[in-house]
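Q: Using the sequences and the accompanying hints, generate a full structural model.
For the record, the sequence lines run as chains A and B.
Once you know that position 58 of the first sequence is 58 in the working numbering, the rest is easy, because the numbers rise by one and skip nothing.
Once you know that position 158 of the second sequence is 158 in the working numbering, the rest is easy, because the numbers rise by one and skip nothing.
Check the hints yourself; a few may be wrong.
[Claimed, not checked] Each pair of labels, with its calculated beta carbon distance range:
| # | chain 1 | residue 1 | chain 2 | residue 2 | range |
| --- | --- | --- | --- | --- | --- |
| 1 | B | Leu-192 | A | Gly-48 | 49 to 57 Å |
| 2 | B | Ala-170 | A | Gly-91 | 32 to 40 Å |
| 3 | B | Leu-120 | A | Leu-235 | 30 to 38 Å |
| 4 | A | Glu-236 | B | Arg-11 | 33 to 41 Å |
| 5 | B | Leu-120 | A | Ala-135 | 23 to 31 Å |
| 6 | B | Arg-268 | A | Gln-194 | 30 to 38 Å |
| 7 | A | Leu-235 | B | Trp-16 | 39 to 47 Å |
| 8 | A | Pro-12 | B | Ala-175 | 20 to 28 Å |
| 9 | B | Ala-51 | A | Pro-152 | 23 to 31 Å |
| 10 | B | Leu-29 | A | Gln-194 | 31 to 39 Å |
[Stated by the list, open to error] To list a few chain A residues with every Cβ distance to chain B over 10 Å, as calculated:
| # | residue |
| --- | --- |
| 11 | Leu-151 |
| 12 | Pro-178 |
| 13 | Gly-189 |
| 14 | Glu-236 |
| 15 | Arg-278 |
[Unchecked claim] Output of the computed footprint for chain A on chain B, the stretches with three or more beta carbons under 8 Å from beta carbons of chain A:
| # | stretch |
| --- | --- |
| 16 | 127–135 |
| 17 | 152–161 |
| 18 | 244–252 |
These are calculated hints, taken from the structure and not from any lab test.
By construction, the Cβ of each residue, glycine as well, lies at the ideal position given by its N, Cα and C atoms.
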Amino acid sequence: MRAGRPSVGLLPWGICFAVFGLFPLLYALLLSFQDMNPLRPDASHFVGLANYAHALGSPSFWHALRTTVVFVVGTLPVTLVLAYGVAALLGRIRRAQSFFRAAIFFPATLSMVVVSLVFKSLYAEDGLMNGWLAASDLARVHWLQDPRLALPSIMAMDIWASVGYYAILLLAGRKTLPVEQLEAARLEGLTAWQVERRIVLPHLQPVILFVVLLNTIRSFQVFIEVFVLTRGGPLESTLTLVYHLYERAFYHFEMGYACAIAYLLLALVGVVLLIQRRVLRSAEVAA
Amino acid sequence: MPREGGGGGVRAARLWPYAALSAVALLSLAPLLYMARVSLGQGSDLPISPADWLGRPFTLEHYRSLWSGGPMGRFALNSAIVSCAALPLQLLLASAAGHALARSRFIGKRATLALATAFLILPRQVTLVPLYLIMAKLGLLDTYPALILPHLADPFGVLFMSHYYQTMSAELEDAARTDGLPARTIFWRIVLPLSGPGLAVVGVNGFLTTWNSFLHPLVLTTSESMRTLPVGLALFAQSEYAVDWGALLAGSTVATLPVLVAFAIFQRQIVEGVLQGSGR
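A: Put into structure tokens, the structure is as follows:
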């Protein structure tokens, strides 16, 4: 093997990665310092940090950030607890485990567009949800038209769509539980709850950390749900960061500004991940 | 008597997880059954009760109108073309690059691995605007290459295959090299035939990502005839008035079928990909 020279096998992917991965990433940074409208490419010019200043001074940006944070903070704990519970149940059963696992995991592999369309029809004014309410003599609910309800409705759908995904991760973690230690604890007379808290939970800490990080990354990018269900409305109540970015770039052609938003999102996700890692790691040490 | 009572308690303790999981499984499949049944029922309005949902006569009218009248057939064709073109290229690139990373030592290897790993967790929206401008510059907007090329940069397959080859013995390859076989022949004749299990993981996860991909195809296509199925469906649903739900949910069912088939065959590989951080 000739050391010091990569084999040519690396080239095809390397070129693709450089052209459609690394270069766009750096180009976005460059664009974020420019005023750039693709309709007038010759007029684009450097504006320094003006795009970032504009974002940080813009109520729309802060509103989108707030909406996104509500989405992340609201869905993460619910998804985590439900996924943990489902994984615990799956770990307890002997028969038909593969059937239940498949049934619960399958929705996570679907296109988010399909999921959103199905829920849009369920949430529709004359859809099944309101049909049920009417049948029980309850007033109709404007799931997606009420500014107070639209975001929670989307969050509920997102939780439905992702619980199976994280349950599978947590179930895989449970496969490596120290069986002898569990048996010993049971013989000592510990209740199932105590076993779960003292042995299983600490053992699953790394998987839980992974689930929290992954869910955070994915939730900060929430877009399709908003695009299909509400287009950011009503009254911008579901305007998330990525939707804001998309609108700025492709409706208003403020591409430099959109790239600044993208880099702010990148920085934000990075900071949140670092904090989460630190907090959960120290919790691990304390446990 | 006490023994029987105790047996009943134990049985209840054994059975309640099954009861709970049945409820969860039903909850997770019900919206999909709903979708499929509405798409097969008469009428373009939504069902307002379970009886109305399940009671409608079966019909294929929504599927017929998909293929004959509307552009949905074209959307499905575009999705199929993009996914089928990207898949073999992705597999080839991933195995070639993964093999190179696993077997040869070179300056910058560590940096390449680090960059690829960083890209796994990078919010992809960051590259959205630049990719749009690059494709515009290359004159590729609204073409199949614009929809295929970005998927070839995906680092997951390369990282996964690199790991796969690291755990695979190099003995056969070394023996072949001693026999004087050229590297290219070794790759095609020896490495690739042994890559099946790894490529199944990369392939099915790559297929799902491409087939379900939305944001990039949304901005990289401009004419209706180039829309992929998810993009076409999403835009179709946005007409505020008189949405034809039957047709829309029929289109959604069509978009779901390849995923269902892939899931039925490759569930283990999909889970493996999830565990290794295929992300999405």
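Q: So, for every hint listed, does it hold in this structure?
A: Evaluation of the provided hints:
{"no.": "1", "hint": "B:Leu-192 - A:Gly-48: 49 to 57 Å", "verdict": "51 Å, holds"}
{"no.": "2", "hint": "B:Ala-170 - A:Gly-91: 32 to 40 Å", "verdict": "38 Å, holds"}
{"no.": "3", "hint": "B:Leu-120 - A:Leu-235: 30 to 38 Å", "verdict": "36 Å, holds"}
{"no.": "4", "hint": "A:Glu-236 - B:Arg-11: 33 to 41 Å", "verdict": "54 Å, violated"}
{"no.": "5", "hint": "B:Leu-120 - A:Ala-135: 23 to 31 Å", "verdict": "47 Å, violated"}
{"no.": "6", "hint": "B:Arg-268 - A:Gln-194: 30 to 38 Å", "verdict": "34 Å, holds"}
{"no.": "7", "hint": "A:Leu-235 - B:Trp-16: 39 to 47 Å", "verdict": "45 Å, holds"}
{"no.": "8", "hint": "A:Pro-12 - B:Ala-175: 20 to 28 Å", "verdict": "27 Å, holds"}
{"no.": "9", "hint": "B:Ala-51 - A:Pro-152: 23 to 31 Å", "verdict": "28 Å, holds"}
{"no.": "10", "hint": "B:Leu-29 - A:Gln-194: 31 to 39 Å", "verdict": "34 Å, holds"}
{"no.": "11", "hint": "Leu-151", "verdict": "19 Å, holds"}
{"no.": "12", "hint": "Pro-178", "verdict": "20 Å, holds"}
{"no.": "13", "hint": "Gly-189", "verdict": "16 Å, holds"}
{"no.": "14", "hint": "Glu-236", "verdict": "17 Å, holds"}
{"no.": "15", "hint": "Arg-278", "verdict": "17 Å, holds"}
{"no.": "16", "hint": "127–135", "verdict": "holds (count 8)"}
{"no.": "17", "hint": "152–161", "verdict": "holds (count 4)"}
{"no.": "18", "hint": "244–252", "verdict": "holds (count 4)"}
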